[in-house]
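Protein chains: 2
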Amino acid sequence: MERTLVTDTVEKVRKKVRLEGWADTIRDHGKITFIDLRDRSGVIQCVGESLQHVSPESAIEIEGTVTKRPEKLVNAKIKTGSVEVQIVKLRIISPAAEMPFDMGTEDLNLELPTLLDYRSLTLRHIKQQAIFKVQAVLVDAFRQAMIKKDFVEFQAPSIISSVPEGGAEVFKVKYFEQEAYLSQSPQLYKSLLVGVFERVFSVNQIFRAEPSVTTRHLTEITSLDAEFGFLDSWKDVLEMEEYTIRYMFSEIAKKCSDELSLLGATLPKLSGKIPVLKLREAQEIIYKRTGKDVRKEKDLSPEDEREICKWSLEEKESELIFISHFPTNSKPFYVHPDPADPTYAFSVDLLGRGVEWSSGGQRLNNYQDILKNVEKWGLKEKDVELYLQSFRYGVPPLGGFALGAERMTMYILGLKNVREASLFPRDMERIDTRLSPVKEKSSK
Amino acid sequence: MERTLVTDTVEKVRKKVRLEGWADTIRDHGKITFIDLRDRSGVIQCVGESLQHVSPESAIEIEGTVTKRPEKLVNAKIKTGSVEVQIVKLRIISPAAEMPFDMGTEDLNLELPTLLDYRSLTLRHIKQQAIFKVQAVLVDAFRQAMIKKDFVEFQAPSIISSVPEGGAEVFKVKYFEQEAYLSQSPQLYKSLLVGVFERVFSVNQIFRAEPSVTTRHLTEITSLDAEFGFLDSWKDVLEMEEYTIRYMFSEIAKKCSDELSLLGATLPKLSGKIPVLKLREAQEIIYKRTGKDVRKEKDLSPEDEREICKWSLEEKESELIFISHFPTNSKPFYVHPDPADPTYAFSVDLLGRGVEWSSGGQRLNNYQDILKNVEKWGLKEKDVELYLQSFRYGVPPLGGFALGAERMTMYILGLKNVREASLFPRDMERIDTRLSPVKEKSSK
Numbered sequence: 001m002e003r004t005l006v007t008d009t010v011e012k013v014r015k016k017v018r019l020e021g022w023a024d025t026i027r028d029h030g031k032i033t034f035i036d037l038r039d040r041s042g043v044i045q046c047v048g049e050s051l052q053h054v055s056p057e058s059a060i061e062i063e064g065t066v067t068k069r070p071e072k073l074v075n076a077k078i079k080t081g082s083v084e085v086q087i088v089k090l091r092i093i094s095p096a097a098e099m100p101f102d103m104g105t106e107d108l109n110l111e112l113p114t115l116l117d118y119r120s121l122t123l124r125h126i127k128q129q130a131i132f133k134v135q136a137v138l139v140d141a142f143r144q145a146m147i148k149k150d151f152v153e154f155q156a157p158s159i160i161s162s163v164p165e166g167g168a169e170v171f172k173v174k175y176f177e178q179e180a181y182l183s184q185s186p187q188l189y190k191s192l193l194v195g196v197f198e199r200v201f202s203v204n205q206i207f208r209a210e211p212s213v214t215t216r217h218l219t220e221i222t223s224l225d226a227e228f229g230f231l232d233s234w235k236d237v238l239e240m241e242e243y244t245i246r247y248m249f250s251e252i253a254k255k256c257s258d259e260l261s262l263l264g265a266t267l268p269k270l271s272g273k274i275p276v277l278k279l280r281e282a283q284e285i286i287y288k289r290t291g292k293d294v295r296k297e298k299d300l301s302p303e304d305e306r307e308i309c310k311w312s313l314e315e316k317e318s319e320l321i322f323i324s325h326f327p328t329n330s331k332p333f334y335v336h337p338d339p340a341d342p343t344y345a346f347s348v349d350l351l352g353r354g355v356e357w358s359s360g361g362q363r364l365n366n367y368q369d370i371l372k373n374v375e376k377w378g379l380k381e382k383d384v385e386l387y388l389q390s391f392r393y394g395v396p397p398l399g400g401f402a403l404g405a406e407r408m409t410m411y412i413l414g415l416k417n418v419r420e421a422s423l424f425p426r427d428m429e430r431i432d433t434r435l436s437p438v439k440e441k442s443s444k
Numbered sequence: 001m002e003r004t005l006v007t008d009t010v011e012k013v014r015k016k017v018r019l020e021g022w023a024d025t026i027r028d029h030g031k032i033t034f035i036d037l038r039d040r041s042g043v044i045q046c047v048g049e050s051l052q053h054v055s056p057e058s059a060i061e062i063e064g065t066v067t068k069r070p071e072k073l074v075n076a077k078i079k080t081g082s083v084e085v086q087i088v089k090l091r092i093i094s095p096a097a098e099m100p101f102d103m104g105t106e107d108l109n110l111e112l113p114t115l116l117d118y119r120s121l122t123l124r125h126i127k128q129q130a131i132f133k134v135q136a137v138l139v140d141a142f143r144q145a146m147i148k149k150d151f152v153e154f155q156a157p158s159i160i161s162s163v164p165e166g167g168a169e170v171f172k173v174k175y176f177e178q179e180a181y182l183s184q185s186p187q188l189y190k191s192l193l194v195g196v197f198e199r200v201f202s203v204n205q206i207f208r209a210e211p212s213v214t215t216r217h218l219t220e221i222t223s224l225d226a227e228f229g230f231l232d233s234w235k236d237v238l239e240m241e242e243y244t245i246r247y248m249f250s251e252i253a254k255k256c257s258d259e260l261s262l263l264g265a266t267l268p269k270l271s272g273k274i275p276v277l278k279l280r281e282a283q284e285i286i287y288k289r290t291g292k293d294v295r296k297e298k299d300l301s302p303e304d305e306r307e308i309c310k311w312s313l314e315e316k317e318s319e320l321i322f323i324s325h326f327p328t329n330s331k332p333f334y335v336h337p338d339p340a341d342p343t344y345a346f347s348v349d350l351l352g353r354g355v356e357w358s359s360g361g362q363r364l365n366n367y368q369d370i371l372k373n374v375e376k377w378g379l380k381e382k383d384v385e386l387y388l389q390s391f392r393y394g395v396p397p398l399g400g401f402a403l404g405a406e407r408m409t410m411y412i413l414g415l416k417n418v419r420e421a422s423l424f425p426r427d428m429e430r431i432d433t434r435l436s437p438v439k440e441k442s443s444k
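Chains as they are written, first to last, in the numbering used here: chain A, 1 to 444; chain B, 1 to 444.
Calculated directly from the structure, the hints in this document are not laboratory data.
Among these hints, one or two may not hold up.
The list treats identical chains as interchangeable, and a pair is accepted whether it falls inside one copy or across any two copies.
Claimed, not checked - Here are the simulated PhoX-like cross-link-like pairs (lysine-lysine), alpha carbons at most 25 Å apart as the crow flies: (1) K12 - K149; (2) K149 - K254; (3) K72 - K16; (4) K310 - K298; (5) K89 - K416; (6) K310 - K288; (7) K68 - K79; (8) K254 - K148; (9) K89 - K292.
Using the sequences provided together with the hints, build the complete structure.
Here it is as structure tokens:
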């Protein structure tokens with residue numbers, strides 16, 4: 001008999017079906033046993049008499065007949081809540097060992113370390129699955145938004161030969177007899193490819209040797225990168241980013257309504273265009289609202305980010321806000337200064353729900369300007385050789401932005417720790433399993 | 001004035017347009033100058049009198065009027081061949097330095113090292129661009145094929161803590177105070193995720209410390225990985241792979257006809273189902289056809305691969321062929337032996353055009369069987385801890401396959417070297433720029 005997916009049973013009342021999946025929860029009422037069967041499509045209640053023992057999370061096959069539930073026993077919370085399956089035959093495909101904790105609860109009430117120690121098991125909980133189904137839609141929606149706008153996908157390399165922007169938080173790789181590094185960003189590659197394809201995007205792992213364990217940092221991140229040329233203005237970058245974000249939100253709304261409601265999450269509120277403030281304007285507002293004078297700081301502190309997001313929601317009914325015009329000398333060598341006041345740059349952060357979601361902006365495209373900055377920033381020409389090569393041959397005004405898939409997932413779903421938004425989070429204490437504690441250096 | 005894309009000019013005869021792009025080729029006929037302008041959509045001939053000097057590959061803006069070309073001057077080879085633009089205004093957006101070689105030829109007649117030394121420039125040639133436009137469609141088609149079959153995308157990690165399958169060709173990473181490695185394959189992650197999502201896929205960079213420079217090997221590869229559970233038979237893997245490949249081919253045929261014809265490439269011929277031979281059957285055929293007795297070899301040599309592909313095309317009219325049932329002890333610990341003869345395994349290679357395209361097969365899913373093999377293969381349990389954890393809790397029969405994006409691009413387009421199918425190829429001699437030669441160790 002052909003396998004039927006769980007959610008298709010509602011169309012097969014009074015029919016015989018064969019189901020495959022996992023024994024999600026098992027309720028034993030003496031002779032009668034209820035098994036909630038979970039497959040990739042959903043969960044369904046199955047009921048049978050005098051069944052063989054099944055342990056939770058075993059992979060099983062059930063043959064039986066779909067019946068309508070009595071009106072008062074309908075479970076409106078799940079898609080298959082109007083039916084159940086009368087078990088005729090039960091087969092254990094692959095038995096599960098005894099659970100180290102109860103997986104059958106509405107929430108997995110585990111501390112983060114335990115959640116990660118048992119990652120291949122805890123991910124099976126439908127709320128854990130929901131996080132990564134949203135993430136998959138988010139990532140694909142980014143790509144489809146880009147493709148609709150003629151962006152060409154490229155595969156950004158991970159192994160790089162030099163670290164032009166400083167090597168403090170970079171991982172070293174032993175590359176045969178030489179030293180190489182893991183890329184912290186595809187920035188230089190995506191910019192130089194504007195000279196080739198005009199518009200490019202990539203979805204790639206990037207690496208940061210974050211020496212501390214925080215709720216927002218991972219050593220390996222999935223970066224969603226976009227870059228494009230022939231800008232008429234730096235504001236073209238904002239428009240492209242806003243279009244992309246809105247497209248991603250609309251796809252999540254369309255394809256993940258079940259997951260959002262399961263997780264009690266709502267997409268950020270937007271009304272009209274996403275507001276844009278210059279850094280100094282934002283700081284002025286913060287000063288007026290709180291009395292805290294941050295008007296000379298080169299960046300917003302976490303507290304400032306929360307305050308300006310509060311303002312945005314209260315005054316502009318928007319949970320997202322762009323902040324532009326950071327001091328030029330606080331940014332990388334490729335940043336494009338605003339000709340109206342070159343001490344500030346066409347750099348743009350996107351903030352949402354009190355935190356930074358993305359950064360981007362317009363980049364320098366004039367070869368001589370770039371060359372001057374390479375020197376001014378204290379870099380070596382040979383470390384940015386391929387980049388310089390591109391701009392030597394006519395690259396138009398360009399810009400772009402980068403979004404972190406895990407952080408976006410975290411902020412959209414209201415998760416407390418970015419590790420919850422990474423299937424296999426890496427930090428200085430963990431690569432899947434906990435790393436053995438580093439031996440203390442002998443004290444002097 | 002709004003920018004018009006080059007290919008949209010054919011709809012704007014007698015209209016004024018503003019174009020942006022690169023000066024692809026420039027032909028100076030005294031007072032009259034012809035400029036072929038290239039943008040992301042195509043190329044168009046523009047013509048003007050007494051123009052300022054423009055160097056090839058400069059980014060330029062042209063304002064002018066679209067006119068129909070006289071019948072005898074129509075260029076049927078390009079989409080805009082029926083029109084040209086009479087230049088009214090020419091502006092240099094970003095000038096290009098003098099070319100190190102002629103970019104305006106039909107083919108870029110460069111040796112591979114030069115092609116790569118000037119990567120950010122040579123990629124601009126439309127034949128180079130075409131390679132990576134096909135690759136982008138290929139990669140996206142893989143993902144869309146998977147999504148249509150309910151596969152969930154996941155982000156496979158690159159940094160791993162141990163190398164269960166041996167460390168000969170693995171890159172080491174200095175991970176804070178410890179040692180970590182770059183992943184050679186997402187195999188263990190995709191298999192353990194079958195316990196979570198049933199069906200998963202990933203598109204990720206994988207890393208091989210190939211100690212030699214060949215035409216088929218890179219140190220960094222884009223791997224297209226699929227894995228799924230609840231197999232009824234190992235042949236389900238073949239069916240899923242064939243479906244996926246056919247979908248990828250059909251998308252390339254639909255979206256890349258211009259690129260294929262520009263590159264003189266044709267998609268592999270398929271008729272009926274892709275043929276399947278067991279390794280021993282293939283070797284018997286090779287013996288009968290050539291007299292060469294390879295019937296006890298554990299794998300096909302490159303020569304054997306060419307011969308069996310020839311047979312497949314001649315006898316089955318198929319440029320692709322599956323080879324199954326390799327010796328179990330020549331495969332990794334997770335391979336599923338055929339119960340009918342456990343010395344051979346449910347492992348499957350896909351060959352095409354004389355070379356290997358992919359490998360895959362059914363994996364062991366019974367926890368005890370896996371545990372036995374971990375010991376038999378001489379691995380440490382703690383090196384596959386997360387993997388074992390998953391299979392301890394009920395994983396159904398599963399299998400999958402992996403395709404290399406660069407190799408597929410290479411074989412579909414008939415390229416001679418896999419480096420031509422990688423935007424930024426890495427090997428032991430090059431990471432973008434050539435690596436400085438390693439100093440010879442002092443001779444004893």
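Here's how the hints hold up against the structure:
In this homomeric assembly, K12 and K149 come within 25 Å of each other (Cα to Cα) only across copies, at 21 Å, whereas the closest approach inside a single copy is 42 Å. Taking the shortest Cα distances, K149 and K254 sit within 25 Å of each other both inside one copy (20 Å) and across copies (19 Å). Within a single copy, K72 and K16 get their C-alpha atoms as close as 24 Å, which meets the 25 Å cut-off; across copies the closest is 70 Å, which misses it. When the C-alpha separation of K310 and K298 is checked against a cutoff of 25 Å, the pair qualifies only within one copy, where the shortest distance is 20 Å, while the shortest distance between copies is 66 Å.
Neither within a single protomer nor between protomers do K89 and K416 lie at most 25 Å apart by alpha-carbon distance, with minima of 43 Å and 57 Å respectively. Proximity of K310 to K288 under the C-alpha cut-off of 25 Å is restricted to the intra-copy arrangement: shortest distance 13 Å within a copy versus 78 Å between copies. Proximity of K68 and K79 under a CA criterion of 25 Å is satisfied intra-copy only: 13 Å inside one chain copy versus 60 Å between copies. Taking CA atoms no more than 25 Å apart as the test, K254 paired with K148 passes in both settings, with 18 Å inside one copy and 16 Å between copies.
For the identical chains of this complex, K89 and K292 are neighbours neither inside a copy (70 Å) nor across copies (53 Å), given an alpha-carbon limit of 25 Å.
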